[in-house]
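Spelled out, the chains give:
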Amino acid sequence: MISSQPLSPIHGLLEAMHPLWSSETSEAKRVIRIDQRDEERAAILGLADLSHQNRAGAKGRGTAEWLSKLGVTIPSQANSWCPLPSGGLVARLGNTEFLVENDATLVEKIMQTQRAPGVYPVLHQDAAFGLCGARVNELLLQTCNIDFRMLDAQPSKVVLTSIAGVGITILSKTNGKYPSYRIWCDGTYGIYLWETLAEIATELGGGCIGVDAVQ
Amino acid sequence: MRLPPVHGEWIDRSKIITFTFEGKTYTGHPGDSITSALWAADIRVLGRSFKYHRPRGVLTMANHDVNALMQSTERLNVRADVTPLVDGMALTAVNTFGGLQSDKASILGAFSRFMPVGFYYKAFYTKQLFPMWERMFRTLTGLGKVDFSSPRVRTPKNYGFCDVLVIGAGPSGLAAALAAAAQGAEVLIVDENARVGGSAGYIGCTDSERAELHAAQLSEVQAHPRIRIMTSTYAAGYYADHWIPLVASDVMTKMRAQSIVVATGAYEQPSVFRNNDLPGIMMASGAQRLMHRYAVKPMQKVVVLTANADGYRAALDLAAFGVEVAAVVDLRAQTKIDPSESESQVNAKGMRILKGHCIAEAIAGKQGKSVAAVVVARLSASGEAEVAGQETIACDGLVMSVGWAPTANLLYQAGTRMRYEKSVEQFVPDVLPAGVFACGRVNGVHTLTARHADGRRAGSMAAAHAGFGVAELIEVAAESECPTHPWPIISHSSGKNFVDFDEDLQLIDFHNAVQEGFDNIELLKRFSTVGMGPSQGKHSNMIALRILARLTNKEPQQVGTTTARPFFHPVPMSLLGGRGFTPERRTPLHAKHDAHGACWMPAGVWQRPEYYRVEGQSRLECIHGEVAAVRTSIGIIDVGTLGKLEVIGPQAAEFLDRVYISKYANLKVGMTRYAVMCDESGVIIDDGVVGRLAEDHFYFTTTTSGAATIYRELSRLNTMWGLDCGIVNHTGAFAAVNLAGPRSREVLGTLTDTDLSSGAFPYLALREAKVAGIPARLMRVGFVGEWGYEIHVPANQGVALWEALMAAGQQFGIRPFGVEAQRLLRLEKGHIIISQDTDGLTSPLEVNLDWALKMDKPFFVGQRSLKIIASKERKQQLVGFELAADFSGTAPLECHLVIHKGEISGRVTSIAYSPNVGRNIGMAFVTPELAKQGTQIAIRITNGSEVKATVVRTPFYDPENLKQKETT
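Chains as they are written, first to last, in numbering that gives the first Met the number 0: chain A, 0 to 214; chain B, 0 to 967.
Note that these hints are calculated values from the structure, not bench results.
Using N, Cα and C, we set each Cβ at its ideal position, and we do this for glycine too.
Hints may contain errors.
[Claimed, not checked] For lysine to aspartate or glutamate, the following EDC-like pairs were computed, each having C-alpha atoms within a straight-line distance of at most 20 Å: (1) B:K769 / A:E107; (2) B:K296 / B:E8; (3) B:K156 / A:E107; (4) B:K156 / A:D146; (5) A:K108 / A:E64; (6) B:K853 / B:E554; (7) B:K667 / B:E679; (8) B:K296 / B:E133; (9) B:K856 / B:E653; (10) B:K769 / A:E26; (11) A:K172 / A:E202; (12) B:K874 / B:E928; (13) B:K591 / B:E614; (14) B:K156 / A:E194; (15) B:K591 / A:E14; (16) B:K591 / A:E202; (17) B:K156 / A:E202; (18) B:K156 / A:E14; (19) B:K253 / A:E137; (20) B:K931 / B:E872; (21) B:K828 / B:D957; (22) B:K421 / B:E323; (23) B:K348 / B:D337; (24) B:K871 / B:D849; (25) B:K662 / B:E694; (26) B:K300 / B:D337; (27) B:K144 / B:E133; (28) A:K172 / A:D102; (29) B:K662 / B:E614; (30) B:K156 / B:D249; (31) B:K900 / B:E945; (32) B:K348 / B:E323; (33) B:K253 / A:D146.
[As the list claims (entries may be wrong)] Computed spacing ranges between beta-carbons, pair by pair: (34) B:E802 / A:K176: 41 to 47 Å; (35) B:Y912 / A:W20: 58 to 64 Å; (36) A:W20 / B:R227: 41 to 47 Å.
[Said to hold, decoys possible] Derived list of chain B stretches under chain A, where covered just means 3 residues or more per stretch with a C-beta under 8 Å from a C-beta of chain A: (37) 154-166; (38) 451-464; (39) 641-651; (40) 789-803.
Kindly produce the complete structure, drawing on both the sequences and the hints.
The structure is reproduced here in structure tokens:
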């Protein structure tokens, strides 16, 4: 029996770690836990795969209005994001481009709705990672020339930049003791970026974690 | 020898460290540098000079000279003066022949007259002797020996940020940091030394007042919450927008600051006199570093050569640590009316002071490995040592404190305009760039209290520039005496009075260079190599400049300085290399290819399977096996690397009509069409397939390597044209495979409900359907010349698609095929590959794409150029060719030249042996006269011989395209 269950761009790497997988078959597989030391690594520098999350996107001059009509509250400023009531988020990646990450219901609705004039749907098959822990900024300083102190001061900002040579979208999700970030990149760069970040994270005393440990 | 405990010493006497140097075992303490431990063990020869292999000892005890360069196992050119001693180190001096003590190459010194300045260049004048000189120079030159088996050290390269970066943690730098932090700025102090404090930690520390001032400043800095400190780290260069590479032993940090305070101090300068490089002759600051940092007595009996108050302080320090001061030799005939405080103290202690004197020469001890005495002479008004009345003073050491040269490299790199300030005989900043500030000795301020004030001034201004507080106006007192002698250079008829210790350049070399016409500072530098050694002229550039000024009757300001470029201080290759970031894209099927034994090849930023290994078969057999599977049954190739773009909107068709050479406004929904893109000059830059999903919606592919650049270019054009359409890059969002072969329809039919019949789904049609339950876009394409489908699905279901197709195709022996098989298959069909069968000058007309070229369109990119090209005679034409069926020799390769009448008449772009055609087939550019079918062409192969080929019609396989037509 061949399963058509969606897989993360880094599925092979995750599988090699023999993690604890989610049991739902109706959604993309996700790693719940790598091992018993997930929380310990997360406190120092945790790297989690969040590619399984449902996502939709659109761009074009009509997109803001189109999304609003679908009941999606959008950020008023370019390069900013806001949370959605059901736990997801909407990121405004420019004046007219949006990324919605949320539960399947809203995402499906966006993807199935007939596009309006000036709306160009974007299929998001990104690799999405979570980074958290006390030393996360050290990792970012090794890979990116952005001063992420700026994001701490303006937590609603979305930054489009590159880390380790790969174009990414990043935002701060810090709301606890340690900094926490979400990163999206083109899925075909996922393996390279994961391996690069995991290597540095491990050098700094952290490493890969499951989604349950992401702060 | 080691002194009794010294207040503030850096060493930990409670522990002993053992190491070897040149095969002998020594001990030291944690906190010692390699040199301090050896000097404490009374080792005086630490290295050999580069050219004459002269014995060398301590010169600066700083990270500035290279007298003591060593090799520590695979680590090359370790700077022993500042490299911390580590237990178990095994050290050798670099650049010796037979060891440090009995270096056979020291004989070269006897032939110095045959190696005048510029002899390197002159040696190569004679072509016949070039190889001999090259071999000799390669043998004799070089420093450490590279061990090519050394493991790669993957050091991180950090980015860093701060409001104010203070470079230099001496008195002025620390004062600047405190002032900036007081105004609210986040301050980073960086210093090359292991501890902060700079010269305040070793110059005049026997003076309790100075010591207390120093201690108070240190405490304040260390306690300040907004001040960070990085020690053992040097700022190696300046780049625009205040980017500074900070280099530590195991990491480079690319620091970005809002403003910068350069408090880098100054290099103490040597005096030039005969034998001024003997072990035991050192800078006064070098001796003071030895005493105060490492508690090492530099010598037993010293002569102090000075021209400023610092020299007198050095004399006091040396005496305080039990060194017998035989004399203080002052180049100045008289200092000023009131002697400096330190001079008065020296006087009061009854030390002998010889004013208006110089060192005429140093007398070498045994084998030139030490100094035994110095010859002191009166200094004439013209700066020469007077012969009459010379006195020889026995000593085992001489310290020099005759002046300072500003450590202004970063200021120069930042674009600072410098001026020569006569009152301090040094260059000082005249006009600083915005956000760059200077203070302390580099700013021409040498007195301790003035340096504090100057630091506060610069720190306050830097903070204000970064947006913190208001710049405070602080008065800085002028220097009461000139700290630098303008001519500490004594000629000698027997030479060996060195100006550049790295390159063994003597005073006479400069005379000769100028005489030969190299009388410009940039020319002089290159001809003489002054300042081009590892020290980068820290102790020679200023002296060279003074010499050139005197020889050309100019002022130092007129001579100017050489161009300062980053890095001004050598940076280890491991740090420059660091952790390399080489992004690599992998399709969602990467793991599947691995599982099938893919042999990988790079394709731009992608990795693609070249072919799939089969046990017991050669590479070529594997490739031919894959080709056979496609031709006879079914094969599958991952084409997910193709660029996959969409253009949506009412003017989408017009947009495509403008960017491609063919027409798309008349393309029916559900159909595809080959697409060729040119640049403005009519040169082919990309190709692909355009499919129409709806009236206002097109899905199209680009070449693998072109995806990113084509998307950028199309976005640029769309912005410029302002058409009502949008472009979306879905390259990474879709997985794609090409299912090809006579069995492909049968296999696909088991996985989809879509009607795959020729009528419902004809050649070049496009359909949206579900395959194995996965939403897919299907295109009937024929790149490899068989019935086939390109199937595009969301990337996260690519693996599921692959598994389904492989399972369904199993009954027909489905084989994955790689890039090499695809190349051969398409060659058989005569299909070109952009950038393989075209180059940066190829127009569609030259590669037989006239049929795709719709010149009757109102406009497309490159149209105007193509009209011009079409009106001119063609220079080349792409043709198919084949070798004789019975050809058995060495076949030509791609890029081999076509030769006609002894001239180059073209080149091979593609060639391979085709099992289906039964001979070698290929494509080549040839001149139009050779393009006619049946023409014999000659291809010159690597060994120079020529292979005959015949120009033939393409395609080589299925010329009537019957494979795309329904036969049942």
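May I ask which of the numbered hints given earlier this structure violates, with the numbers listed in increasing order?
3, 6, 7, 8, 11, 16, 18, 22, 26, 29, 35, 38
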